[in-house]
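Can you build the whole structure from these sequences, using the hints too?
When the count follows this note's numbering, it moves up by one through the sequence shown with no breaks and lands on 276 for the last residue.
There may be inaccurate statements among the hints.
As the list claims (entries may be wrong) - Pairwise CB distance ranges (calculated):
1. His251 <-> Arg272: 28 to 34 Å
2. Ala242 <-> Gln271: 41 to 47 Å
3. Ala254 <-> Gly275: 30 to 36 Å
4. Gln271 <-> Phe233: 55 to 61 Å
5. Ala267 <-> Ser235: 44 to 50 Å
6. Ala268 <-> Ala241: 37 to 43 Å
Calculated directly from the structure, the hints in this document are not laboratory data. Note that the structure is a prediction, hence the values are computed from the model and not measured. Just so you know, even glycine gets a beta-carbon here, dropped at the ideal spot from N, CA and C.
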Amino acid sequence: VQQSSFQSLYAALAALCGFAMLVHQMAERMAGQRKAREEAARAQRAGGA
228 VQQSSFQSLY AALAALCGFA MLVHQMAERM AGQRKAREEA ARAQRAGGA
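Structure (structure tokens):
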């Protein structure tokens, strides 16, 4: 019984780790898009001025 509970705990931990990595990747991608958008706006402003 103890071993099965340990296995379920390990499975939950692995799922949590996978979910955290997925969220981290999504956050990094969103931050990269925002940064690129800001740089494009800055270049446009510099070109207009």
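These are the hints, each one checked on the structure:
Range check, His251 to Arg272: about 32 Å between beta-carbon atoms, so the 28 to 34 Å window is met. Checked against the hint of 41 to 47 Å, the C-beta distance between Ala242 and Gln271 comes to roughly 44 Å, which is consistent with it. Hint check: Ala254 to Gly275, Cβ distance near 32 Å, so the stated range 30 to 36 Å holds. Gln271 and Phe233 have their C-beta atoms about 57 Å apart, which keeps the hinted 55 to 61 Å range intact.
In this structure, Ala267 and Ser235 meet the distance hint of 44 to 50 Å, their C-beta atoms being roughly 48 Å apart. Checked against the hint of 37 to 43 Å, the pair Ala268 and Ala241 passes, with Cβ atoms roughly 41 Å apart.
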